[in-house]
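From first to last, the protein sequence lines stand for chains Z and L.
Heads up: the first sequence at position 42 corresponds to 42 in the UniProt record's numbering, and the numbers run straight through without jumps.
Heads up: the second sequence at position 146 corresponds to 146 in the UniProt record's numbering, and the numbers run straight through without jumps.
To be clear, the hints were calculated from the coordinates, so they are not data collected in a lab.
Careful: at least some of the hints might be erroneous.
As the list claims (entries may be wrong) - When the alpha-carbon atoms are kept at most 25 Å apart in a straight line, the in silico DMTMM-like pairs for lysine to aspartate or glutamate are as follows:
| hint | chain 1 | residue 1 | chain 2 | residue 2 |
| --- | --- | --- | --- | --- |
| 1 | Z | Lys39 | L | Glu128 |
| 2 | Z | Lys189 | L | Asp132 |
| 3 | Z | Lys120 | L | Glu7 |
| 4 | Z | Lys120 | L | Glu79 |
| 5 | Z | Lys180 | Z | Glu132 |
| 6 | Z | Lys113 | L | Glu128 |
| 7 | Z | Lys81 | L | Glu7 |
| 8 | Z | Lys81 | L | Asp170 |
| 9 | L | Lys189 | Z | Asp13 |
| 10 | Z | Lys108 | Z | Glu146 |
| 11 | Z | Lys81 | Z | Glu123 |
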Amino acid sequence: MRFRFCGDLDCPDWVLAEISTLAKLSSVKMKLLCAQVLKDLLGDGIDYDKVTKLTADAKFESGDIKASVAVLSFIFSSAAKHDVDSESLSSELQQLGLPKEHTMGLCKSYEDKHSALQGKLRETSLRLGRLEAASWRIDYTLSSSELREVNEPIIQLKLQTQGAESGSTETTVVSVSADKFRVLLAELKQAQTRMNALQ
Amino acid sequence: MLLVLSEDHKEHLSFLPKVDSAVVGEFGRIALEFLRRGTSPKIYEGAARKLSVPVETVQHGVEGLMFLMTESSKHMISEVDFLDSVLVLGFGEELNQILLQLYLQHHAQIRSILSQLPSNLPAYHNLEWRLDVQLASRPLRQQVVPTVTMRLLLAGGGDGGCSSRVLQTDPSSLLHLISTLEAALAAMKTSHARRIFRNIK
């Protein structure tokens, strides 16, 4: 059986198994648990004490708690990844055996946070070497050991990037003469026009 | 098969019959903690003070016991062989039984600890990827060049921790890569491979 929220593939066996664990919770507790898992996926951290309290009624052991958090994370992130609307998600989850009230609670939370989730996933996509900061300074060279009267402006550019392989900050300092800088600026403006045309 | 114990080893273990069996059990526990987490001199000093013997004797006794356990677990010795090997040391029957019980209870754990010791090749941990299309570059406008960029995260590999490799490929190389890996997976299902698996089981 192919499911859209799994990317048109079969649903993993462990998800099937843990859906029946989720069904043991009441639908109110389920909605609160969804809220906690969504908070975690959006980067705000998860409050395990609250989760333990929520699942205490259904007498979940620590393995069950971890499993239900894992299956909810999978469902939310996978559905956001493949851009599934909440109607299809609801019908697919009901096909897998999640009771109707639980499904409705889950899909309502999903719909509320749908765009926030996709934004977060977009941010964490693979990016090599981001530019973190750029600063500049213009100096005017008066004279040098080679020539007594130089009288030329020169720009110093400091670029702070996140290294592609290492992931730590690298600093590059370049000094550019006025003509070269004009060329650089013209080319970058052309690239910017093209990027804006795509937006 | 029988274990052959060196003279030094026998001498270290000769300390054991001089203490009573509760102490031997305690030493067994210390020896196993040693395997799991390493040892601390405080434990040896405490035991030495209580038994009023030099620290080295205690240390040798524990290390000798630990070595006996690891060697027996390494070769998967049967009970009879273990008892025969220990007989050489000339301990009493009760002590032999204690050592045997210690071996039987813990040999599975010891084997799993030992299996983690040899250094590994780096193993697959995670793969992140992105699909890009290059539309223009400084020398040439109006292009369409699709590229797949991947970051392969590997775990282990001797010094531990994650190492990452950044790779880039075009779609046709990617298809070739996929078909090679699928052929590798399919090789597990050939009759030759199945014959070998059956014999290992």
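Hints, verified against the model:
{"no.": "1", "hint": "Lys39(Z) / Glu128(L)", "result": "holds (23 Å)"}
{"no.": "2", "hint": "Lys189(Z) / Asp132(L)", "result": "holds (22 Å)"}
{"no.": "3", "hint": "Lys120(Z) / Glu7(L)", "result": "violated (66 Å)"}
{"no.": "4", "hint": "Lys120(Z) / Glu79(L)", "result": "violated (59 Å)"}
{"no.": "5", "hint": "Lys180(Z) / Glu132(Z)", "result": "holds (23 Å)"}
{"no.": "6", "hint": "Lys113(Z) / Glu128(L)", "result": "holds (24 Å)"}
{"no.": "7", "hint": "Lys81(Z) / Glu7(L)", "result": "violated (66 Å)"}
{"no.": "8", "hint": "Lys81(Z) / Asp170(L)", "result": "holds (23 Å)"}
{"no.": "9", "hint": "Lys189(L) / Asp13(Z)", "result": "holds (22 Å)"}
{"no.": "10", "hint": "Lys108(Z) / Glu146(Z)", "result": "violated (73 Å)"}
{"no.": "11", "hint": "Lys81(Z) / Glu123(Z)", "result": "holds (13 Å)"}
Consistency note: the structure conflicts with the earlier hints numbered 3, 4, 7 and 10.
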